[in-house]
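Two chains, each in its own frame: build the complex with the hints.
So the protein sequences, as listed, match chains A and B.
For the first sequence, our numbering gives the first residue as 1, with consecutive numbering after it.
For the second sequence, our numbering gives the first residue as 1, with consecutive numbering after it.
Keep in mind that a hint or two might mislead.
To be verified - Listed next, the in silico DSS-like pairs over lysine-lysine satisfying Cα-Cα at most 25 Å (straight line): (1) B/Lys102 to A/Lys20; (2) A/Lys20 to A/Lys82; (3) B/Lys19 to A/Lys20; (4) A/Lys82 to B/Lys18; (5) B/Lys11 to A/Lys87; (6) B/Lys76 to A/Lys82; (7) B/Lys76 to B/Lys18; (8) B/Lys18 to B/Lys8; (9) B/Lys76 to A/Lys95; (10) A/Lys95 to A/Lys82; (11) A/Lys58 to A/Lys153; (12) A/Lys82 to B/Lys8; (13) A/Lys87 to A/Lys20; (14) B/Lys76 to B/Lys11; (15) A/Lys153 to A/Lys95; (16) A/Lys153 to A/Lys87; (17) B/Lys8 to B/Lys76; (18) B/Lys102 to A/Lys82; (19) B/Lys19 to B/Lys8; (20) B/Lys76 to B/Lys19; (21) A/Lys86 to B/Lys76; (22) A/Lys146 to A/Lys95; (23) B/Lys11 to A/Lys82; (24) A/Lys153 to A/Lys86.
Since the hints were made in silico from the structure, they are not lab data.
Source: prediction; values computed, not measured.
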Amino acid sequence: MPDPRHLLDLAIFESNANRKGAPRQANLRRAVSTAYYAVFHELCRAVSNTFVPAHSGKAQATFYRALGHRELRSRCEELARKTLPKKLVELFGNKALPIEVIKFCRTFVGLQELRHACDYDPDHVSSLDEVETAISDAEEAIIALKQLNPRIKLLVLAYLLNGLRG
Amino acid sequence: LTYLDAQKAEKELARIAKKYAPDLVVDDIDIQDGLNQIGGEIVRVTIVYSRRTADDTDFAQQRFVIADAFHEWALKQGDVRFPHFSFRSRESDAFIRKEMMKNA
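Isolated chain B, as found in the complex (with noise of 0.2 Å):
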C-alpha cells in the first residue's frame, strides 16, 4: 500500500471488525490500493466473512460503524484517500472470483 503499512492496516482493520461485529466470522481481508471510477486514489477493502449477524438492520449498522472507524484510523495515519468498502460472504466472493476467471 503506497501510504499505510499493509500489515499492520489489515490488523486494525480485523481488529475493529471484532470490536464493532463480534458476530462476523471474517475468513479474509483484501486492503488495495485503487483507482475509483473518475480517476481518483481510493483505498478498495474487502471483508469476506463465513458468518455475520442474521439481522439485516445490525449488519448495515455494523458494515457502516466499521467502515467509519478504519477511515478514521487511516485520516490519523496520514492517508486521506476515502476507503471503499466491499463485505461480500465466502459464496459470493468464489461467485466474483469465477466470473473474473472467466471473463480474463
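Isolated chain A (complex conformation) (with noise of 0.2 Å):
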C-alpha cells in the first residue's frame, strides 16, 4: 500500500519541482493530483484495515480497492453538513456529526474537484498558493480521519463503502 504521508511529500516535491522562476502548470496538477491520491489512500487503507483481519492477503485487497471516486464524492457531499440529511440521523444515531467528519467530508469534495480539473480540464490554471493551499488540507484531511471516535469511524467508513439502500 503506498503511505499517505509519502503521497504529500511527493506533492510538495512536485509543486516545486521547478525551483528556477514560475512553477509549470504540469508540475502543479501533478501535485494536486498526488495530494487527493493522498488523501484517497489513506481512506482505502482505513476501510481494509478496519473491515478485514490483517493479513488476510487478497480479501484485504479487495476491501482497499472497494471505493468508488463518484460514490464517494456523493455521500461525502452528503455527510459535509453541519445537519444531517433526515435518511442518515438513524444510521448515526445523531442530528449532527463530529466536525472531523464534516473537515474531512468537506476536504474530499473540494479535492477531488480540483483533481479533476486538474487532470481534465485543458483550460483550468493553477497558482502555487492554491496548490500549497490544497496540499495543506490534504494533510489537514488525514489527521481529521485518524483522529475520529472509533465507533463513528466505523459508521462513516461502513457508510462511505456501502451508502444506504432503500
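Listed below in C-alpha cells is the structure:
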C-alpha cells in the first residue's frame, strides 16, 4: 500500500520541482492529483484495516479497492453538513456529526473537484499558493480521519463504502 | 445566481469571513453558478485576499469554518448545491487571470 504521508511529501516535491522561475502548470497539476490520492489512499487503507483482519491477503486488497471515486464524492457531500439529512440520522444516531467528519468530507469533495480540473480540464490554471493550500488541506483531512472516535469512524467508513439501501 | 440572491450571498459571506477570520483582508468575493467536473450543479466561491493570518494552521481552520458556515447558510436558503471554495491571494488571482487570458 502506498504510504499517504509519502504521497503528501511527493506532492510538495512536485509543486516545487521547477525551482527556477514560476512553477510549471504540469508540476502544479500533478501535485494536486498526488495530494488527492494521498487522502484517497488513507481512506482505502482505513477501510481495509477496519473491515478485514490483518494479513488477509487478497481479501484486504479487495476491500482496499472497493471505494469508488464518484460514490465517495456524493456520500461525502451528504456527510459534510452540520445537520445530517433525515435518512442518515438513524444510522449515526445523531443529527450532527463531529467536526472531523465534516472537515474530512468537505476536503475530500473539494480536492476531488480540483483534481478533476487539474487532470481533465485543459483550460484550468493553477497557482502555487492554491496548490499549497490543497496539499495542506489534504494533510488536515488525513489527520481528521485518524482522529475520529472509533465508533463514529466505523459508521462513517461503512457508509462511505456501502451507502444506504432502500 | 439561480438559487441564491447574489448580493445577499456576498454580503453573508463577507460577514462570515469577518466573524471567523478577522485577520483576513478580503479584496473580492465572487459567487457563481457552476457545474462540477462530473456535470453536477455547484456553487463556485472565490475569495481573493490581500492579507491573511500568518499561521498556516489557523488559516486552514478559518478556511474550513468559513466554507462550513456559508454552506449551512445556503442550505437554510434552500440551496442544496455543494459550494466549492477557492481562497486566493491577490497575486495568485492576478496570475490565474493572466494565464487564462493567454490561453483564451
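Would you pick out the hints that fail for this structure and give their numbers low to high?
Numbers 2, 3, 5, 13 and 18 - these are the hints that the structure violates, sorted from lowest upward.
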